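Student: All chains should be modelled from the sequences, with the hints used to inform the complete structure.
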Amino acid sequence: MASAKNKPELLKNGKRLDGRDLMELRPIRIEAGVIKNADGSAYLEWGNNRVIAAVYGPMEAQPKHSADPARAVIKCRYQMAPFSGLADHGRTGPNRRATEISKVTREAFENVVLLNEFPGTEINVYIEILQSDGGTRAAGITAASVALANAGIPMKDMIYAVSFGKIGDKLILDLNMLEDNYSDCDMPMAISPKSGDILLLQMDGNLTMEELKTGIQQVINAGKTISAAQQDALKRFYTEKQQAGSGEGRSEAETTG
Amino acid sequence: MEAIDIVKSNYIRELINKGQRQDSRDLLSFRDISIKRGIIQNAEGSAQVELGDTKILAGVKVMLGSPMEDTPEQGNQIVSAEYWPGAAREFEPGPPSPEAIELARVVDRGIRAANCINLESLYLEEGKCWDVYVDVYVLNHDGNLIDASSMAVMAALMDTRMPKYENGVVNREDRTNKLKVNGVVATTTFAKIGDRIVLDPTGDEENAMSARLTVANDGKLIRAMQKGKSGSFNIDEVEELSRISLEKHAELKKIIGSEQR
Chain A
1 MASAKNKPEL LKNGKRLDGR DLMELRPIRI EAGVIKNADG SAYLEWGNNR
51 VIAAVYGPME AQPKHSADPA RAVIKCRYQM APFSGLADHG RTGPNRRATE
101 ISKVTREAFE NVVLLNEFPG TEINVYIEIL QSDGGTRAAG ITAASVALAN
151 AGIPMKDMIY AVSFGKIGDK LILDLNMLED NYSDCDMPMA ISPKSGDILL
201 LQMDGNLTME ELKTGIQQVI NAGKTISAAQ QDALKRFYTE KQQAGSGEGR
251 SEAETTG
Chain B
1 MEAIDIVKSN YIRELINKGQ RQDSRDLLSF RDISIKRGII QNAEGSAQVE
51 LGDTKILAGV KVMLGSPMED TPEQGNQIVS AEYWPGAARE FEPGPPSPEA
101 IELARVVDRG IRAANCINLE SLYLEEGKCW DVYVDVYVLN HDGNLIDASS
151 MAVMAALMDT RMPKYENGVV NREDRTNKLK VNGVVATTTF AKIGDRIVLD
201 PTGDEENAMS ARLTVANDGK LIRAMQKGKS GSFNIDEVEE LSRISLEKHA
251 ELKKIIGSEQ R
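Chains as they are written, first to last, in our numbering: chain A, 1 to 257; chain B, 1 to 261.
Read the hints as simulated data drawn from the structure, not as lab findings.
Incorrect hints may have been included.
Footprint (simulated), chain A over chain B, 3 or more residues, beta carbon under 8 Å [said to hold, decoys possible]: (1) 34–43; (2) 48–57; (3) 171–182; (4) 190–203.
Only pairs whose alpha carbons sit at most 27 Å apart, straight line, appear in this in silico BS3-like list of lysine-lysine [stated by the list, open to error]: (5) A:Lys7 <-> A:Lys103; (6) A:Lys170 <-> B:Lys128; (7) A:Lys36 <-> A:Lys241; (8) B:Lys164 <-> A:Lys103; (9) A:Lys103 <-> B:Lys128; (10) A:Lys224 <-> B:Lys220; (11) A:Lys213 <-> B:Lys8; (12) A:Lys103 <-> A:Lys75; (13) B:Lys180 <-> A:Lys7; (14) A:Lys224 <-> A:Lys213; (15) B:Lys254 <-> A:Lys156; (16) A:Lys7 <-> B:Lys128; (17) B:Lys55 <-> A:Lys213; (18) A:Lys170 <-> A:Lys156; (19) B:Lys220 <-> A:Lys7; (20) B:Lys55 <-> A:Lys75; (21) B:Lys55 <-> A:Lys103; (22) B:Lys229 <-> B:Lys178.
Heads up, incomplete: computed chain A residues facing chain B, CB under 7 Å, no partners named [said to hold, decoys possible]: (23) Lys103; (24) Glu110; (25) Asn111; (26) Gly152; (27) Ile167; (28) Asp169; (29) Gln202; (30) Asn206; (31) Glu210; (32) Lys213; (33) Ile216.
Only a predicted model underlies this, so the values are computations on that prediction, with no experimental measurement involved.
Note that CB positions come from ideal geometry on N, CA and C, so glycine has one too.
Tutor: Okay, structure coming up:
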């Protein structure tokens, strides 16, 4: 959180500066299967966030000592591209923040991926933030979830993530960068929509018990919209693939005919 | 995991399912806690916490630094953690692991969110400020490093004596002024083992847990949270554990705030 000194007004006439209502999500658009070499991938635009996720695996775990003979291991790398922010050229390579996000992201996916089906293997999840505007870990998880499904990796559920926060005593959903910097609370969460289970939860700022309860409920309610965007991306990918496939078939028939 | 650990974890799960613990504690009680302050005289502040067999040393050094670009009138608070290889068989020398980084960041987050150190009070003059470095050393690992470290850091900050800054020079000979610390942040860490939830897990209990939830609060408001491991919590559990965390604050504050040197 930046200095509270130059804190701008974040609400005008009950609306947020980007015109959103308190519980309104930014527009989400996801495209599946965007990296040809990867086993699964997804590109996500969430407000001004631009995220790409690629999945490789399950494949033999390397180095060998990292393998678990009983189940697959997930290796996850969340990273921000050096050009992703409005400020300076970022430092390349993982910093402490990225290391922590990679860890909690991995733990969320370990809950839903059927790891027991692939003993001795690794599943690599690469999340790159190409442009950041607040809520990048949530955007990364939402994108990587689609990439895992796109890779055909069996999962109990397709998880999503979003954060809630607070401006004064008003709760808000899906914080952008400005809100993230100056809000009174930021609480990113990842949810398994089928069960409502909380798989990632971090928070800093201040919250009362009542705000906590309302906030989590809003994150669960937001799942409908986010899950729909994820499913839509996969449906479009497989419909287009099918159409492309039948298109090829037809032209072949025409040439031979 | 070694076979013996699996057997042990199964035993702990059975025990906790019956509402019992290896050390005969209640499910929602802390182990015995003791704090020693000011044990490193060269440091500006220090404290060693023993939480059962977990032993944490926190040391504070205050250095002359320069404010960050986006906060030109504030000093800096920097928390790091070292999983000292001597503290457990499974710790290895090398760069900080994701676990050590998470430990440092979670401890930092609660104290920062509650403004325990007023960073503006660390500003000295144009381009100059105090940087407060807090280093957490894990000396013996028997579970719940987060709560033990959080207590050690809080106590070490309350023990911190500031150097003097005169005419652009740092004077460490005269450290009479204490660092001003506002309020006490206490963290409570819960482990989900089977379908049950326990407070302050031991090392063996952590091996058996599926998920972990840490809640930091200042007695009034929730200040930071962190969920760990691949298991899950539902909304009711998060609410219940946050409530318990707020209730535990008074007990922890008493321990952190007492035993002055």
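Student: Hint by hint, say whether it matches the structure.
Tutor: Now the hints, each set against the structure:
no.: 1; hint: 34–43; result: violated (count 0)
no.: 2; hint: 48–57; result: violated (count 0)
no.: 3; hint: 171–182; result: violated (count 0)
no.: 4; hint: 190–203; result: violated (count 0)
no.: 5; hint: A:Lys7 <-> A:Lys103; result: violated (31 Å)
no.: 6; hint: A:Lys170 <-> B:Lys128; result: violated (36 Å)
no.: 7; hint: A:Lys36 <-> A:Lys241; result: holds (13 Å)
no.: 8; hint: B:Lys164 <-> A:Lys103; result: violated (40 Å)
no.: 9; hint: A:Lys103 <-> B:Lys128; result: violated (35 Å)
no.: 10; hint: A:Lys224 <-> B:Lys220; result: violated (33 Å)
no.: 11; hint: A:Lys213 <-> B:Lys8; result: violated (36 Å)
no.: 12; hint: A:Lys103 <-> A:Lys75; result: holds (9 Å)
no.: 13; hint: B:Lys180 <-> A:Lys7; result: holds (24 Å)
no.: 14; hint: A:Lys224 <-> A:Lys213; result: holds (19 Å)
no.: 15; hint: B:Lys254 <-> A:Lys156; result: violated (45 Å)
no.: 16; hint: A:Lys7 <-> B:Lys128; result: holds (23 Å)
no.: 17; hint: B:Lys55 <-> A:Lys213; result: violated (35 Å)
no.: 18; hint: A:Lys170 <-> A:Lys156; result: violated (35 Å)
no.: 19; hint: B:Lys220 <-> A:Lys7; result: holds (24 Å)
no.: 20; hint: B:Lys55 <-> A:Lys75; result: violated (31 Å)
no.: 21; hint: B:Lys55 <-> A:Lys103; result: holds (25 Å)
no.: 22; hint: B:Lys229 <-> B:Lys178; result: violated (38 Å)
no.: 23; hint: Lys103; result: holds (4 Å)
no.: 24; hint: Glu110; result: holds (4 Å)
no.: 25; hint: Asn111; result: holds (5 Å)
no.: 26; hint: Gly152; result: violated (21 Å)
no.: 27; hint: Ile167; result: violated (16 Å)
no.: 28; hint: Asp169; result: violated (12 Å)
no.: 29; hint: Gln202; result: holds (5 Å)
no.: 30; hint: Asn206; result: holds (4 Å)
no.: 31; hint: Glu210; result: violated (10 Å)
no.: 32; hint: Lys213; result: holds (6 Å)
no.: 33; hint: Ile216; result: holds (5 Å)
In terms of the numbered hints stated before, the structure departs from hints 1, 2, 3, 4, 5, 6, 8, 9, 10, 11, 15, 17, 18, 20, 22, 26, 27, 28 and 31, listed from lowest to highest.
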